[in-house]
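Protein sequences appear in the order of chains A and B.
Just so we're aligned, residue 1 is where the first sequence starts under our numbering, counting upward by one.
Just so we're aligned, residue 233 is where the second sequence starts under our numbering, counting upward by one.
Simulated from the structure, these hints should not be mistaken for lab results.
Some clues are possibly wrong.
[Said to hold, decoys possible] Lysine to aspartate or glutamate pairs mimicking EDC-like chemistry, simulated, CA-CA at most 20 Å apart:
id, chain 1, residue 1, chain 2, residue 2
1, B, Lys-459, B, Asp-269
2, B, Lys-331, B, Asp-357
3, A, Lys-214, A, Glu-34
4, B, Lys-445, B, Asp-293
5, B, Lys-418, B, Glu-397
6, A, Lys-24, B, Asp-321
7, B, Lys-445, B, Glu-266
8, B, Lys-446, B, Asp-293
9, A, Lys-214, A, Asp-142
10, A, Lys-24, B, Glu-397
11, B, Lys-256, B, Glu-334
12, B, Lys-445, B, Glu-242
13, A, Lys-186, A, Asp-125
14, A, Lys-41, B, Glu-416
15, A, Lys-214, A, Asp-61
16, A, Lys-99, A, Glu-76
17, A, Lys-227, A, Glu-34
18, A, Lys-24, B, Glu-416
19, B, Lys-256, A, Glu-184
20, B, Lys-256, A, Asp-164
21, B, Lys-418, A, Glu-45
22, B, Lys-273, A, Glu-184
23, A, Lys-213, A, Glu-10
24, A, Lys-99, A, Asp-125
25, B, Lys-445, B, Glu-434
26, B, Lys-459, B, Asp-321
27, B, Lys-256, A, Glu-165
28, B, Lys-331, B, Asp-347
29, A, Lys-186, B, Glu-277
30, B, Lys-273, B, Glu-308
[Claimed, not checked] Chain B stretches covered by chain A per the calculated footprint, using a threshold of three residues with CB under 8 Å from any CB of chain A:
id, segment
31, 235 to 244
32, 268 to 278
33, 406 to 412
Quick reminder that beta carbons are idealized off the backbone N, C-alpha and C, glycines included.
2 protein chains.
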Amino acid sequence: MLFRQLFDAETSTYTYLIADPATKEAALVDPVVEQVDRDLKLIGELGLTLRYCLETHIHADHVTGTGRLRQLTGCEGIVPQNANAACADRYIGDGETIKIGEISILAIATPGHTDSHAAYLINGDRVLTGDSLLIRGCGRTDFQSGDAGILYDVIVGQLFSLPDETLVYPGHDYRGHTVSTIGEEKQHNPRFAGQDRDSFIELMDNLNLPNPKKIMEAVPANERCGKIPAFL
Amino acid sequence: MLFRQLFDAETSTYTYLIADPATKEAALVDPVVEQVDRDLKLIGELGLTLRYCLETHIHADHVTGTGRLRQLTGCEGIVPQNANAACADRYIGDGETIKIGEISILAIATPGHTDSHAAYLINGDRVLTGDSLLIRGCGRTDFQSGDAGILYDVIVGQLFSLPDETLVYPGHDYRGHTVSTIGEEKQHNPRFAGQDRDSFIELMDNLNLPNPKKIMEAVPANERCGKIPAFL
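The shape of chain A in the complex, shown without the other chains (with noise of 0.2 Å):
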């Protein structure tokens, strides 16, 4: 599997590209749409054929690549089921699987951040877990539906119940973490180590944290797979 973290530096998101050698077949989860071009010009250079991009949910703080991806490749695009997105192609649900190639991307519906989450298992070692379990941390709950107690049972009753020494990459990472596992954050996560679930909720009711700068702008544009009148 050929399989690259990329960084954008001004949100601290994480894309994920992901491809089979043999078919040359690929997806990208989370796109940024500012880094479309570098994603091109690198799935140009490898010799790939972008089939999918996925979301693992509605963004509030970058746009996604995906309609300018959609546009310039003609890829699908993928978002979780229920998510308001009437502009995708296609919805995935719990336990649903998408192959690229011979790899699959197993969707764990994974909501609490945003009321419509997906984590992604590809090929059963690493999970994708867009803004569900950080490194060391979690997505915030207090907008887009977000919901404390439902990202609790999601990451305590699913992501936890992965096998330890499963590869974890988050959305996000502000510390310049890359990776982890799901048995280094069952033992170390301040959010979930030593908390049950009342403790996490009024722990994640009062982080009192800003709204992310373009939220105004990234919702909406999302809402609609990333179409905004600056970049289509």
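Dock chain B against the given chain A, drawing on the hints supplied.
For chain B alone, kept in the frame of chain A given last:
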């Protein structure tokens, strides 16, 4: 093998943590002084013992974390042969190997960006290139006794002779790439693909880059293994 790529956003520097899960011995390559607390926290959480801090070279853009890490953990500080750092515990020459448990770290002399520089080949399948070969680029050669001709020779003659599938992990990336391969760089690195030695030297001689912001502070501090009053 435990292998972690860590990022310092201010200077776009990658630090690498390498450890043997059996013996719990660890090495850091190119630590950054502002990230020492993060790195030590991770090392502690993973139950590792830091044995070595290795430098690929005397950095001009950031102060090494080695000084603080030596003081706090008693690890050894290792620099490439002939590096102007009398404070080092040990010098490593071309072809020498350091062992971390069962993991081998082979030094490959790769001067040119600076007059002493090592790349480190980890277990034969991934090479930490420091500021010699970067992803679709290379280190500048206009200070610290840099030499474009020498850099061309070591990259084309030494690094490009590694197997094409060898993973390339650079000391910096400014566009959000995290990893490449030798085969990819041979084919797509614009500093080398389609260039001969003379055109490469001409290209490097005309980059006209500004000096790194911290050069006046970083080089003398790194020649003392990161000992500066503000940090020690």
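Here's how the hints hold up against the structure:
no., hint, in the structure
1, B:Lys-459 / B:Asp-269, "holds, 16 Å"
2, B:Lys-331 / B:Asp-357, "holds, 15 Å"
3, A:Lys-214 / A:Glu-34, "holds, 13 Å"
4, B:Lys-445 / B:Asp-293, "holds, 7 Å"
5, B:Lys-418 / B:Glu-397, "holds, 11 Å"
6, A:Lys-24 / B:Asp-321, "violated, 47 Å"
7, B:Lys-445 / B:Glu-266, "holds, 15 Å"
8, B:Lys-446 / B:Asp-293, "holds, 5 Å"
9, A:Lys-214 / A:Asp-142, "holds, 16 Å"
10, A:Lys-24 / B:Glu-397, "holds, 16 Å"
11, B:Lys-256 / B:Glu-334, "holds, 10 Å"
12, B:Lys-445 / B:Glu-242, "holds, 11 Å"
13, A:Lys-186 / A:Asp-125, "holds, 16 Å"
14, A:Lys-41 / B:Glu-416, "holds, 13 Å"
15, A:Lys-214 / A:Asp-61, "holds, 5 Å"
16, A:Lys-99 / A:Glu-76, "holds, 13 Å"
17, A:Lys-227 / A:Glu-34, "holds, 13 Å"
18, A:Lys-24 / B:Glu-416, "holds, 15 Å"
19, B:Lys-256 / A:Glu-184, "holds, 15 Å"
20, B:Lys-256 / A:Asp-164, "holds, 18 Å"
21, B:Lys-418 / A:Glu-45, "holds, 12 Å"
22, B:Lys-273 / A:Glu-184, "holds, 13 Å"
23, A:Lys-213 / A:Glu-10, "holds, 11 Å"
24, A:Lys-99 / A:Asp-125, "holds, 15 Å"
25, B:Lys-445 / B:Glu-434, "violated, 25 Å"
26, B:Lys-459 / B:Asp-321, "holds, 14 Å"
27, B:Lys-256 / A:Glu-165, "holds, 16 Å"
28, B:Lys-331 / B:Asp-347, "violated, 25 Å"
29, A:Lys-186 / B:Glu-277, "holds, 12 Å"
30, B:Lys-273 / B:Glu-308, "holds, 19 Å"
31, 235 to 244, "holds (count 7)"
32, 268 to 278, "holds (count 4)"
33, 406 to 412, "holds (count 5)"
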